[in-house]
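Chains as they are written, first to last, in numbering that gives the first Met the number 0: chain A, 0 to 367; chain B, 0 to 536.
It is worth saying that the hints were derived from the structure and are not from the lab.
Note that CB positions come from ideal geometry on N, CA and C, so glycine has one too.
The reader is advised that the hints may include incorrect statements.
[Unchecked claim] The calculated lysine-lysine pairs, modelled on BS3-like cross-linking and capped at a C-alpha distance of 30 Å, are:
hint, chain 1, residue 1, chain 2, residue 2
1, B, LYS350, A, LYS126
2, B, LYS422, A, LYS229
3, B, LYS339, B, LYS350
4, A, LYS228, B, LYS202
5, A, LYS228, B, LYS422
6, A, LYS229, B, LYS394
7, A, LYS228, B, LYS400
8, A, LYS229, B, LYS403
9, B, LYS445, A, LYS229
10, A, LYS4, B, LYS422
11, A, LYS229, B, LYS202
12, A, LYS229, B, LYS350
13, B, LYS202, B, LYS9
14, A, LYS228, B, LYS9
15, A, LYS228, B, LYS399
[Claimed, not checked] Partial list, computed: chain A residues near chain B (C-beta under 10 Å):
hint, residue
16, PHE224
17, ARG226
18, LYS229
19, ALA232
20, SER234
21, ALA235
22, GLU238
23, PHE242
24, ALA247
25, ASP249
26, ASN283
27, ALA284
28, ARG304
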Amino acid sequence: MSNAKQTIQRIGWPRLIIALFFILLIVVSPFMGLKLSDVFSDVLRRWSMFGILILAMVPGVQSGIGLNFGVSLGIVAGLIGSTTAIELSFQHGSPRPWTDLGFALLIAIPIAALLGLVYGMLLNRVKGSEMTVSTYVGFSVIALSNIVWLLLPYKSGVLIWPIAGEGMRNTINLEESFGGLLSNPAVVEKMPTALRWLAFEVGGVVVPFGMILFFLFMCLAVWLFLRSKKGIAMSAAGENELFTRSNAIDVNQMRILGTVLSTVLGAIGIIMYAQVFGFLQLYNAPLMMGFQCVAAVLIGGATTRRASVTNVIVGALLFQGILTTSLPVIKRLMPSGSTLSEVVRIIISNGIILYALSKTKGGNQIEK
Amino acid sequence: MDGPPILSMKGISKEYFGNRVLKDVDLVVGPGEIHALVGENGAGKSTLMNILFGMPVIHTTGGFEGEVEIAGQAVKIMNPHEAMDHGIGMVHQEFMLIPDFTIAENIKVGREIGTPTVFSKILGPSMDILDREAMSRDAKKALSRIGMNIEDYVKVAGLPIGYKQFVEIAREIDKTGIKLLVFDEPTAVLAESEAERLLEIMKLIADQGIAIIFITHRLDEVMAIADSLTILRDGELVERSSTRDMTVVEIAAKMIGRKVERLVDLGDTCRVCDQENVALELNNFSVDMPGEQVKGMNASVYKGEIFGFGGLAGQGKIGIINGIMGLFPAEGDALVFGEKLRLERLGDALKHDVAFVSEDRRGVGLLLNESIERNIVFSAMQVHNQFLRRIGPMKMINRKKAKKHAIDMIKLLDIRCTGPQQKTGSLSGGNQQKVCLARALTLNPKILVVAEPTRGIDIGAKKLVLEHLVKMNVDEGMTIVIISSELVELRSICDRIAIVSEGKVEEILPPDASDAAFGLAMSGMSLAGVEGEVKDE
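Next comes chain A alone, as it looks inside the complex:
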């Protein structure tokens, strides 16, 4: 009895309820006329696609800046990297998907690191209200990026509005570039046999194997980092500032490190997201993305003060899983559900954030 109780406590009621709901949705979906293989394909796809963005929450939380609502900063860096890579290929003359992906990452990461550095310095000045500030940083940077998208002097026809001849499009198709490289069987099919494992179908279920592998690799990297000397120091800074200072560790530096890592992961995350999705979405599209990441990691069991890689993997699966399975099911149940999907997503993600913030105010679950 007490054993079962302990297990439940360890998993946590919210996770248990959401997991049960998730399973229920999967069970009922065939009766709603959905193919199970499609449901699983969608869950796998969205899980791996969002994973790294959600992973970006971990260094932030561990270093003590809280949930990084300002991950949009990294997202913007990622988008700048991607668009620049496409433009470079355009000037080169022929499509080169792998190079695009490489350049996108190469350009995005330093930009993200630089932005993260400045952002981290800002967050050090507003200790105690990081999450409020980061929310507004997230919003502001999206507004600022809107100007950037209009002003960047890119010429590629894929990027800019065809009629105006300047200013970038809302949605940029990645078909000619790195879209689906690690996740789409149709794209992978055209590659040499040695690379065919990157994406395949098993019993009707599409497995974005390359993407999953990359996501898990990033998870491993973060996991390892958290076990390194620097990572342990950073986690200590987030947990107990005085303790960390008394061990001669500069807390502010550790917070900046966490912010930089979070922003860089955000940049990598959005590039991978776009890669799976097949499109880059500019302007206001990433506005609420930070909220989704926050909600997902919280579902996974993180608090505003502690987050682990496991929280990310579980949270991504539950959060994205619920969204992908619930929407078609609800659509069948309700008439004219075209905008309902968005409504449900907003209710779930904001509801979860609200729940988690009310639970972990002041942090630290063990100490009451």
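Let chain A serve as the given structure and place chain B on it in line with the hints.
Using the frame of chain A, we list chain B on its own:
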């Protein structure tokens, strides 16, 4: 004294969770009497006052035994508001004033004088318009009663500290029917001239027939103005006497007087410490730590000795080590084995092999959400790069080594836990302290500084922790500095004890010095100075 005493508390006993903090204590104060209440930290002064004021902390922990009479009538005070109704007021050590209000507003706050308006007739008297003139009149009257000449419309925010205190007193005086005023360490935050003035004001108030309870550790002030005094020690009444009948030396001795059991049995051979070899030297050392200011301290700790810093809370002994470790801004010189520490550089002391066990175990000493193992190896890993192994460019934690070391430490210090993976937040206080100690010892320091080593831990663990400190000292020649509010503890293991008062070392005493010497040093006086004799070495 004529008529019944204003306050008479008889046979007061109080227990907190099975721990007796007051045993059959009496406190009697007559009208116009200035009565001093003295005792060490933890003697029971605050608990007694909490009972008098009916603080919730008393009633939620099972109430108390004994009788309280005010002006000859038995009363049951259940909350501070009732205490106010009975004419008892308190002047706090930290001022309870609203900075953005004027003096008059602060004096009348909660007891404003209002003029009814149409709205207040409907919505109740809380909607009255303030009668500022009447309030100002009252404020002026209260201020003049304590001989203060200051405009009542000035905001409190910019006032000097002394004046703030006077405003607080004026507020208490203004309460109608005030019979008894409690001053809790009122001179602690004041400059000397302000303190003198305060004492004058207290006399002025007493002359108006108001009884005063004066809580202080400054025995010279007690001698200067108190008519009578009550000495508490370990929750027991030691003495109630008229001040005239006692000397300051007697008071000091009665405050401390306790049996001291040496934990270190040194036999007949007195430990001779190498006076040439100074392990830690402080020259004109100041630390800006709120509540524990160190002001130009000088002290030397010899290599291989157990040195104690004692004194009352808030006098600065805790600030010393926090300054040395760079946790609070410090000035002046701190030398470790002759090398000057760069105080502005975080962790320079750590690099000089000074390890520190904080007095604030849960706040500074531990990562409560991390395992015992992680806590124990943390400092050594970060400072000395131990328990790490290189994998490519990364320095990863060596779990195997860390675990082995943690298990060794758990055995060595007898940490009661389910294993090295248990989170420190779920350990008892004594075991948490042992984890802190284990972390410091893992650094393999030359000087180990332990602040409040036995605060909040049970007797068994207490003895073990102290014995282990002695063992480290004897076996490994580690220089140990103990900072503690518990004099008994210091006297049981230290070779020399520095009593800190007002941010300076008042006196360095051997552990077998007289109770009076310790008691006087704690209140900022020396036995030699009082008796006019040369202290024998």
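Evaluation of the provided hints:
1. B:LYS350 <-> A:LYS126: holds, 29 Å
2. B:LYS422 <-> A:LYS229: Cα-Cα ~21 Å, so holds.
3. B:LYS339 <-> B:LYS350: holds, 12 Å
4. A:LYS228 <-> B:LYS202: violated, 63 Å
5. A:LYS228 <-> B:LYS422: holds, 20 Å
6. A:LYS229 <-> B:LYS394: holds, 8 Å
7. A:LYS228 <-> B:LYS400: The hint holds at about 14 Å.
8. A:LYS229 <-> B:LYS403: Holds: LYS229 (chain A) and LYS403 (chain B) sit about 22 Å apart, inside 30 Å.
9. B:LYS445 <-> A:LYS229: Holds - the C-alpha atoms of LYS229 (chain A) and LYS445 (chain B) are around 26 Å apart, at most 30 Å.
10. A:LYS4 <-> B:LYS422: Within the cut-off at roughly 19 Å; holds.
11. A:LYS229 <-> B:LYS202: At roughly 62 Å apart (the allowed maximum being 30 Å), LYS202 (chain B) and LYS229 (chain A) break the hint.
12. A:LYS229 <-> B:LYS350: It holds: about 18 Å lies between the C-alpha atoms, which stays within 30 Å.
13. B:LYS202 <-> B:LYS9: holds, 26 Å
14. A:LYS228 <-> B:LYS9: violated, 61 Å
15. A:LYS228 <-> B:LYS399: holds, 15 Å
16. PHE224: holds, 7 Å
17. ARG226: holds, 5 Å
18. LYS229: holds, 8 Å
19. ALA232: holds, 6 Å
20. SER234: holds, 8 Å
21. ALA235: OK, holds: ALA235 (chain A) within 10 Å of chain B, min 6 Å.
22. GLU238: Hint on GLU238 (chain A): holds, closest Cβ of chain B at ~5 Å, below 10 Å.
23. PHE242: Holds - the Cβ of PHE242 (chain A) comes within 10 Å of chain B, reaching about 6 Å at its closest.
24. ALA247: Check passed: Cβ of ALA247 (chain A) comes within 2 Å of chain B, closer than 10 Å.
25. ASP249: holds, 6 Å
26. ASN283: Status violated, d = 38 Å.
27. ALA284: violated, 36 Å
28. ARG304: holds, 8 Å
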